[in-house]
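In the order they appear, the protein sequences are chains A and U. Quick note on this note's numbering: the first sequence kicks off at 64 and runs consecutively. Quick note on this note's numbering: the second sequence kicks off at 64 and runs consecutively.
Hints are computed from structural coordinates only; laboratory data are not their basis. Incorrect hints may appear among the rest.
Below 20 Å or equal to it, Euclidean Cα-Cα: the simulated EDC-like pairs (lysine to aspartate or glutamate) are [as the list claims (entries may be wrong)]: (1) K479(U) <-> D445(A); (2) K448(U) <-> E95(A); (3) K479(A) <-> D327(U); (4) K325(U) <-> E95(A); (5) K479(A) <-> D444(A); (6) K251(U) <-> D216(U); (7) K325(A) <-> D444(U).
Read off the chains here:
There are 2 protein chains.
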Amino acid sequence: VERIAVADLGSNSFRLVVYAYEPGRWWQHADEIREAVRISEGVGDDGRLREEPMRRAVRTAEVFDAFCRASHVEQVEAVATSAIRDAVNRDELISQLAERTSLPVRVVSTHEEARYGYLAIANSTTIADGFGVDVGGGSVQVMHMRDRQLAADDSWPLGAVRMSERFLPGDEEADSKAIKALRKHVAKEVGRADWFGADNGDRLAGIGGTIRNLATAAERRAGVEHPGDAQGYVLTHKALEDLIDELAGLPAHKRGGVPGIKPDRGDVILGGAVVLSALMEAGGFGEIEVTEAGLREGVFFERFLADLDPPLFPDVRRAAVENLASRYQADLTHPRHVAELSLQLFDELADADAHDLGPAERELLWSACMLHDIGTIVDYDDHHKHSRYLIENAGLPGFTPREVVLVALIARYHRKGTPDASELGKLAKKSDESRLAILSGMVRLAEQLERSRDGAVRAVRVESENGRIRLQPELAHEAEVAIWSARRNADLLAQAIDRELEIAAPS
Amino acid sequence: VERIAVADLGSNSFRLVVYAYEPGRWWQHADEIREAVRISEGVGDDGRLREEPMRRAVRTAEVFDAFCRASHVEQVEAVATSAIRDAVNRDELISQLAERTSLPVRVVSTHEEARYGYLAIANSTTIADGFGVDVGGGSVQVMHMRDRQLAADDSWPLGAVRMSERFLPGDEEADSKAIKALRKHVAKEVGRADWFGADNGDRLAGIGGTIRNLATAAERRAGVEHPGDAQGYVLTHKALEDLIDELAGLPAHKRGGVPGIKPDRGDVILGGAVVLSALMEAGGFGEIEVTEAGLREGVFFERFLADLDPPLFPDVRRAAVENLASRYQADLTHPRHVAELSLQLFDELADADAHDLGPAERELLWSACMLHDIGTIVDYDDHHKHSRYLIENAGLPGFTPREVVLVALIARYHRKGTPDASELGKLAKKSDESRLAILSGMVRLAEQLERSRDGAVRAVRVESENGRIRLQPELAHEAEVAIWSARRNADLLAQAIDRELEIAAPS
């Protein structure tokens with residue numbers, strides 16, 4: 064296992080994130096240390112960083128440095144963004160950091176920063192054509208993607224702190240005139256960027272803390288509950304407007320108490336929400352897809368995917384599933400074969416009109432097969448439940464929360480019990496009960512066919528006659544026990560497709 | 064990572080369990096395959112195994128064999144117990160197995176079987192002097208331990224199936240006369256073994272499916288809920304008697320529906336319960352400690368601990384904690400240092416009369432420190448919650464369920480939130496709120512002192528003056544950031560011990 068640490072020397076906090084990985088196999092966010100350095104504290108019109116914040120910055124960088132050495136992290140990247148970039152006396156800080164630590168601090172340009180944001184978005188969403196946005200404190204960064212490439216980027220002085228101070232000062236409830244004025248200001252600014260706007264199905268992605276907080280708050284308002292974070296959540300303009308109404312009706316010091324909003328963002332979250340809403344309106348976007356990845360992941364992906372140009376996963380969803388599968392399993396032979404058999408069942412049962420699920424469900428089925436056994440890392444007993452826990456909590460970039468929970472539930476029910484769609488809560492849709500039963504029924508059956516783990520059942524064919532389904536296993540060699548167990552585990556699928564289902568003796 | 068598979072060719076089922084391990088570091092139950100072979104089916108007075116069950120046995124053994132080869136398990140042990148041992152034609156089966164598979168099948172004697180049971184008990188409980196019991200289908204195995212050695216063992220023909228058939232035939236509710244007769248029969252049989260009985264604090268441990276089911280059912284009756292299994296649960300004679308009353312009041316076919324009892328044991332569980340109760344009474348045992356380990360673990364421990372004679376963990380509880388810690392962490396430097404600092408706080412604050420917790424809590428504190436970060440294997444975000452999940456679900460042999468949950472909660476609250484004793488449910492005791500707050504408060508503080516992961520804060524001394532507590536860190540080198548963060552994270556402990564708590568500037 065190798066480790067890379069990325070230090071993000073930001074305006075509000077410095078954060079060191081350690082990624083563990085095996086090249087070409089998997090990666091994960093393994094460790095972290097964060098300090099609220101507030102480097103810009105007290106910076107006035109002279110644009111100079113002050114003594115005390117600089118001292119905190121150096122001390123914190125020393126801790127990062129010690130931390131990397133003590134935890135045997137050999138690759139370190141340290142990236143300084145706007146607060147340091149824009150300071151008049153930044154060289155003073157940089158030379159102190161160089162003197163006192165071995166962190167290779169790099170002050171990145173706005174364009175480089177946008178590029179890291181783009182790498183984060185392109186590697187954690189399925190957006191090929193569209194826009195990315197990050198509502199920061201001082202400015203808003205916008206990225207334009209065409210065919211998964213960064214086509215353009217810009218930085219607008221519309222950040223949440225800046226706009227809140229200018230348009231929404233004081234602690235009172237926000238009045239509608241002030242909000243209107245802020246919207247107008249944003250619209251005017253954006254109006255000059257004629258390249259910004261939804262066109263031909265362009266999508267919009269959001270990164271950064273402001274948007275993450277807004278998405279989480281909107282999820283809570285909607286009563287959506289799931290483990291893990293807001294990764295993949297689709298925030299509609301309508302839901303954002305409702306949230307703005309709620310926030311505006313509260314004095315500023317209470318906004319941090321709204322579920323999903325972090326207390327220390329309470330004072331600027333309304334400004335950020337209005338800016339985002341106005342941007343969406345100006346660009347004609349009805350919704351924004353939220354990703355938890357950001358600058359740090361962009362820096363990491365550039366290293367982890369260095370063999371690829373640009374450094375992008377060829378297929379984000381597939382990569383997410385294989386990443387999670389590989390984190391907990393050294394050998395994927397078994398899950399891959401279960402996936403193969405399950406997909407054969409899926410395809411041939413569709414041909415036999417035994418179900419009418421489509422490519423979306425087929426992908427969820429494949430994903431659940433790849434992940435059905437990861438829970439054994441916790442304990443063999445109840446490993447199906449542990450698989451569910453790991454999938455829901457680690458998440459799958461590129462999938463929506465609903466899709467993640469579906470994959471987790473299919474994995475959960477590959478063994479024991481009857482799927483219960485109510486476990487999806489507010490994420491449930493019509494016929495999820497049947498959807499879950501069919502898909503977990505397939506994994507459950509395929510798992511038994513692959514009982515000996517050696518591909519004894521090479522393939523399975525479906526024959527249909529007068530509505531009766533007959534599964535014909537193709538054997539590589541003797542597999543009597545696999546057939547016995549498959550027969551004992553066929554009920555869930557048979558009931559789900561409402562057919563008689565027979566498993567033929569090996570031919 | 065190495066792997067050993069232990070095949071247990073038992074009366075009811077054949078089970079292959081794969082243990083993954085790193086020699087001297089950790090082990091875990093990694094995989095399993097089970098087939099209800101029912102090898103004794105149809106065996107009559109002639110004592111001969113029948114054709115069809117033998118065919119199932121051979122087929123199943125072939126699957127085990129293929130499974131081991133396909134999953135690259137190179138070390139395999141295969142152990143046959145009473146059903147095969149006692150069969151007149153066992154050699155026929157053994158030679159078929161030898162011909163068709165490469166499993167190194169060994170028919171173990173009752174004494175060898177008892178020895179494996181003893182190894183399981185001595186490595187998963189803290190019993191040094193006492194007895195072990197396993198209520199099987201045909202017979203009851205009893206082990207006598209002195210100073211963690213196997214002093215004696217015996218096998219009595221009092222198994223659950225045999226006794227149920229003889230004393231409790233039919234499906235009706237059991238009448239009290241029949242139960243009385245069975246008790247008397249057991250008492251008479253046991254009466255001959257004058258070495259069996261509680262003496263000088265001798266303890267009793269139970270292994271095997273019958274006792275596990277009874278313990279789980281008793282837990283459910285008592286409303287005790289916790290993740291994981293019945294490991295470490297203390298079943299009182301009184302609770303067992305209540306359970307017997309409940310089971311006796313049901314027709315046999317409904318007993319499998321009692322929560323905690325597996326459906327396929329329903330028909331013989333009452334017989335097993337009465338036998339166990341009579342044994343406890345005859346031996347003068349007020350309670351029995353249940354362990355999930357059994358024959359298979361005994362076989363495994365003999366290999367895993369081959370360097371030790373006898374193959375026993377020197378300290379079962381310590382071994383359980385270090386095992387779980389090592390499964391998820393390659394480097395234990397950080398948790399060990401957090402443990403060291405936490406124990407210093409614990410000891411010196413006790414000297415300063417700031418708390419009155421004792422050695423039991425001190426051990427829970429150490430355990431939680433060793434395990435506080437294991438949740439990062441799931442995801443860094445919310446890793447404190449994941450640590451709790453992993454501890455509760457993987458369990459800690461040698462600890463009671465209450466102790467496991469306490470360790471899990473201390474780890475949970477090393478970061479964020481306020482401990483809530485109600486999370487212990489029925490396992491809660493008086494002053495758990497304070498107990499949890501003090502112990503997690505210590506970990507939380509120690510974690511911050513060890514922020515840079517390099518032992519910058521080497522030790523921490525407690526000074527007490529007029530009821531005010533002053534913590535004096537001893538530094539290996541500069542640790543300003545650690546002190547800042549410790550100060551920000553001292554509230555939980557300060558409130559828990561109800562003292563003003565100051566962290567001194569580095570001296």
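Inset, instruction - Tell me, in ascending order, the numbers of any earlier hints that this structure violates. - result: 1 and 4
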